[in-house]
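Participant: Respectively, the protein sequence lines represent chains A and B.
Residue numbering for the first sequence follows my numbering, beginning at 1 and increasing consecutively.
Residue numbering for the second sequence follows my numbering, beginning at 1 and increasing consecutively.
Just so you know, the hints here were simulated from the structure itself, not pulled from any lab data.
Just so you know, not all the hints are guaranteed correct.
Chain B is faced by these chain A residues, among others (derived, beta-carbon under 7 Å) [stated by the list, open to error]:
#, residue
1, A57
2, F67
3, Q74
4, R80
5, D86
6, Y92
7, R106
8, L107
9, D112
One-sided excerpt, in silico: chain A residues whose CB lies under 10 Å from chain B [stated by the list, open to error]:
#, residue
10, T48
11, M52
12, G55
13, Q72
14, E88
15, L91
16, A94
17, Q99
18, F103
19, P109
20, Y220
21, R252
Even glycine gets a Cβ: it sits at the ideal position worked out from N, Cα and C.
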Amino acid sequence: MSEAVAALETVGLGKRYGRRWGLRDCSVRLPAGRIAALVGPNGAGKSTLLRMAAGIARPSAGEVRVFGHSPQRQTVDVLRKIGYLDQERPLYRAFRVGQMLRFGERLNPNWDAVAAHGYLSELGIPGDARVGKLSIGQQAQVAMAMCLAKQPALLLLDEPLAALDPVAREGLMHLLLGSVADGQTTVLLSSHAIADLATVCDYIIILSASRVLIADDLDYVLASHRLLVGSSEGASHTPAGVVVVARTSSERQIELLVRVEQPVTDPTWRVVEPTLEEIVLAYLREQSAVTDARVGECVEGQQR
Amino acid sequence: MIEPAWRLQRLVFLVAIVVVVAFAIWLAVTGSLQAAAWTTYNVTHHCVDVVATRNNCFALGQTYSTLNNFALVNLGLAVAMPALLGLVLGAPLVAREIEQGTNRLAWTQSITRTRWLLVKLGVGALACCAIVGAMAPLLEWWTGVIHRGARILPSLFDISGFVDVAYVLFAFMLGAALGALIRRTGWAFAVGIPLYALARFVVRDFARPSLVSHSIAVSPAVSPAAGGISSPIPANAWILHSGDVPLGRFSPAPGQTWQSGFQTVENCQVAAVSQVHANRCIAENKLHYVVQYQPTSHFWALQGIESAIFIGAALVLLGITVLAVRRWRT
Numbered sequence: 001m002s003e004a005v006a007a008l009e010t011v012g013l014g015k016r017y018g019r020r021w022g023l024r025d026c027s028v029r030l031p032a033g034r035i036a037a038l039v040g041p042n043g044a045g046k047s048t049l050l051r052m053a054a055g056i057a058r059p060s061a062g063e064v065r066v067f068g069h070s071p072q073r074q075t076v077d078v079l080r081k082i083g084y085l086d087q088e089r090p091l092y093r094a095f096r097v098g099q100m101l102r103f104g105e106r107l108n109p110n111w112d113a114v115a116a117h118g119y120l121s122e123l124g125i126p127g128d129a130r131v132g133k134l135s136i137g138q139q140a141q142v143a144m145a146m147c148l149a150k151q152p153a154l155l156l157l158d159e160p161l162a163a164l165d166p167v168a169r170e171g172l173m174h175l176l177l178g179s180v181a182d183g184q185t186t187v188l189l190s191s192h193a194i195a196d197l198a199t200v201c202d203y204i205i206i207l208s209a210s211r212v213l214i215a216d217d218l219d220y221v222l223a224s225h226r227l228l229v230g231s232s233e234g235a236s237h238t239p240a241g242v243v244v245v246a247r248t249s250s251e252r253q254i255e256l257l258v259r260v261e262q263p264v265t266d267p268t269w270r271v272v273e274p275t276l277e278e279i280v281l282a283y284l285r286e287q288s289a290v291t292d293a294r295v296g297e298c299v300e301g302q303q304r
Numbered sequence: 001m002i003e004p005a006w007r008l009q010r011l012v013f014l015v016a017i018v019v020v021v022a023f024a025i026w027l028a029v030t031g032s033l034q035a036a037a038w039t040t041y042n043v044t045h046h047c048v049d050v051v052a053t054r055n056n057c058f059a060l061g062q063t064y065s066t067l068n069n070f071a072l073v074n075l076g077l078a079v080a081m082p083a084l085l086g087l088v089l090g091a092p093l094v095a096r097e098i099e100q101g102t103n104r105l106a107w108t109q110s111i112t113r114t115r116w117l118l119v120k121l122g123v124g125a126l127a128c129c130a131i132v133g134a135m136a137p138l139l140e141w142w143t144g145v146i147h148r149g150a151r152i153l154p155s156l157f158d159i160s161g162f163v164d165v166a167y168v169l170f171a172f173m174l175g176a177a178l179g180a181l182i183r184r185t186g187w188a189f190a191v192g193i194p195l196y197a198l199a200r201f202v203v204r205d206f207a208r209p210s211l212v213s214h215s216i217a218v219s220p221a222v223s224p225a226a227g228g229i230s231s232p233i234p235a236n237a238w239i240l241h242s243g244d245v246p247l248g249r250f251s252p253a254p255g256q257t258w259q260s261g262f263q264t265v266e267n268c269q270v271a272a273v274s275q276v277h278a279n280r281c282i283a284e285n286k287l288h289y290v291v292q293y294q295p296t297s298h299f300w301a302l303q304g305i306e307s308a309i310f311i312g313a314a315l316v317l318l319g320i321t322v323l324a325v326r327r328w329r330t
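One chain only, chain B, in its complex shape:
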């Protein structure tokens, strides 16, 4: 049963593998070039420390930023990969059978439609996960090249660790469910893209910051105009919020925003004749500077919980697909 189920999806998978391999090679080449450019620029010529004194630093910097433009495109592609892969493979799974009428063949054999569906879904899901899983080490290396160690930052988080395996599973099941409901491969794909993007957006911007309770760093009140924030935040942390808030609190008082405290400090600075005067004004307002952040140590916990969310959603979609297929009649 697995063999014909695989044979039906094989062609699409082979095409997908060719595309993904091409992308992987491209990523490896541009990534290596960028890593080399960074080494030349920073390590060999110490351009970061003494930019103005070296003649070739400007040229080296330009090489690096040109490659960084490629990196932005690559980042977009890497983020889109699970979505495209999952939807391309998931959308036709049921819809194509209905479009071509072969469901009337497959669903009148001696096994239930549910079983045939589950076999096909299992084969497809496994292949999707294998492709994305194989890309994971490469992406991990690449995120290291473009942004050393900061993989907890939202856009890098999405292509690091194992979370993109959960994404591809979700996209695959989304495509399959939409295909079973809409019964048109093209429409399932077209509707799937915005739905996937919406789900990812909602989870990333609204759920992820609080999936693991954030850490807090506190320091004396400052204004953004005062420049460098000298708070004890660990390197590469994902900063969620920061601002001047009343002493004793770690978030703005009710009715106030993270900006309100800054405004107060700013007013003190403007009104003050000297810095001493300003500091006294700030002290009278009883503010301190708070940073809410997710440290890098929360990376795997966040990956695990977010993966669980998308795998859970994929299971719900699996249920919907099974129901839709079982209910299908002309």
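The following block holds chain A by itself, in its conformation from the complex:
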């Protein structure tokens, strides 16, 4: 529907902290309506990317656009469209939960007060509790509820699942999915819990060492990667038309994670469909080896 304007688009985006680059030469395009996972090891630049998209970090290079507008200018237009959950879940600790929600209500014209109260009663958080007295997990849930009640077009969630127990994780994901079920909301969420993401996301961005390794449809990523298993003797050559992402070898067998354009028919290899977790881990483990392939991935991601 709104394929023309991406929910989030970055071109050559970079952020330097002193001499070190927190994010470098990042070009991704997140179409509207997607639920995208942003994965990568600690320090890969996930938070940096989200902060720049939310307009609270200044890019050192390149540019970032949210629905075609720069969040850097902090216009009300863009601010209304963004729901940002910071990694530290900042809240006014002296407020009661109800007062925190009222703060959201006063500062956001699209605020859904009924939903906000609904979320918190669903999560069992009393409205008269002091925010500072809540557990870390409950604070995260209040912060999340505030993001959702704002009803933004783009949710930028930095590690929404961190510090939550498995039950709370499921609850929060349920909440998130419920509130974006209409397909009008685009979500970009960073997380380490790759297994959890596979069930909810339809887009994936893999960051490592401040670079983008993959930014594409989850289905496409799953379809275009294969795990090739062969015996050490028989697998001296890789099949034609595949790009090796990662190689693991033991005495008996070799495992290759490859990117493929068409089905692999070479009988010397046993072809297995990898899980998302396997793909992500392969990329992150072999990040240095894939640096060259990165450019191709990123361009391909943009073309599609």
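Knowing the structure of chain A, use the given hints to seat chain B on it.
Facilitator: Same frame as chain A, now just chain B:
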């Protein structure tokens, strides 16, 4: 929007109000005691007129001077009040949000940071002015007790009229601006105190005497050693300069100071064998005695202009704060 902005600052304000009310009560009590002591000493027992003849005058005088020591402390507190109040409330306004990371919450809601800042500043500034404004009548009464009618004198001027409302506004904005620039509440406060003191000092000692053109009183040349200056200066005036200067001039000649004329007169007195001789010597030097002063009638004009200076400075600081907040990024 105003309600959460107020709620954020409420606690600090409530503490500030408690402290200020305690100070007000203390001021009222010591002020009343002092007023009573003065009445007993001066009005009832006429000690000023006939000190030596009354036995209890010495004791009454002692009571009064003991209370006057309190008055000195109170004066210091009253002068410091706008500074402390403004900085305590202004410094955390932006700095605390940045320290606690809540700026990342507040600045990603649906209103611009500038708007949220202005709402918070407006609420804070209003509350500051209300507290200081409420103290103004009490301070006015108190300055009357400790120094009847002489409120144009520098230290009393600072706590009289409405100028301290301008001071508190300035201190508040100074704290807010420093907080936005330094991003640390403690440092903003620590840097704010000397800066505030410097600004006040510069304006009081260098700008205020000439904010309204001063009045001049002229009389025949005298030496300071000659004692009582019998010049026609209105009561309670703020004397800026005085001295013997050449006839036709109302300030020392170029290259001379207010002391030079005194020296000349002094030399005549020392060298002269009689007073007639001395007067002739003074007359030959063509000097007259000039007093530059601000009469009490200039009080409100001085208050108005000095308030305008500090409110202007507060507006400049407001601009700096807005710019600093708009530019803030990690």
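Participant: All hints, please: hold or fail.
Facilitator: For each hint, the structure was consulted:
1. Look at A57/A: its Cβ gets to within about 4 Å of chain B, closer than 7 Å, so that hint holds up.
2. With its C-beta approaching chain B no nearer than about 15 Å, F67/A sits outside the 7 Å limit, and its interface hint is violated.
3. Residue-level restraint check for Q74/A holds (minimum Cβ-Cβ distance to chain B is 6 Å; threshold 7 Å).
4. Because the smallest distance between the Cβ of R80/A and any Cβ of chain B comes to about 4 Å, under 7 Å, the interface hint for this residue holds.
5. Among the interface hints, the one on D86/A holds; its C-beta lies about 5 Å from the nearest C-beta in chain B, closer than the 7 Å criterion.
6. Evaluation of the Y92/A hint against chain B yields a held restraint, the C-beta minimum of about 6 Å falling below 7 Å.
7. Interface hint at R106/A: satisfied, since its Cβ lies 5 Å from the closest Cβ of chain B, which is below the 7 Å cut-off.
8. Restraint check, L107/A versus chain B: the minimum CB separation of about 4 Å is within 7 Å; hint holds.
9. About 13 Å separates the beta-carbon of D112/A from the nearest beta-carbon of chain B, more than 7 Å, and the hint is not met.
10. For T48/A, the shortest C-beta to C-beta distance to chain B is roughly 9 Å, which falls under 10 Å, so the interface hint holds.
11. Hint status for M52/A relative to chain B: holds, with the closest Cβ pair at about 9 Å, below 10 Å.
12. Taking 10 Å as the C-beta contact cut-off toward chain B, the hint placing G55/A at the interface holds, the least distance being around 7 Å.
13. For Q72/A, the shortest C-beta to C-beta distance to chain B is roughly 8 Å, which falls under 10 Å, so the interface hint holds.
14. Annotation: E88/A was flagged as interfacial toward chain B, and the flag holds, the nearest CB pair being 5 Å apart, inside 10 Å.
15. At its closest, the beta carbon of L91/A sits 6 Å from a beta carbon of chain B; the interface hint therefore holds under the 10 Å criterion.
16. Because the smallest distance between the Cβ of A94/A and any Cβ of chain B comes to about 7 Å, under 10 Å, the interface hint for this residue holds.
17. Taken as an interface hint, Q99/A checks out: its beta carbon lies about 6 Å from the nearest beta carbon of chain B, inside 10 Å.
18. At its closest, the beta carbon of F103/A sits 4 Å from a beta carbon of chain B; the interface hint therefore holds under the 10 Å criterion.
19. Annotation: interface hint on P109/A holds; nearest CB of chain B at approximately 6 Å, less than 10 Å.
20. The criterion of a C-beta within 10 Å of any C-beta in chain B is not met by Y220/A, whose closest approach is roughly 31 Å, and the hint is violated.
21. Annotation: interface hint on R252/A violated; nearest CB of chain B at approximately 50 Å, more than 10 Å.
Violated hints, in rising order: 2, 9, 20 and 21; the structure is consistent with all others.
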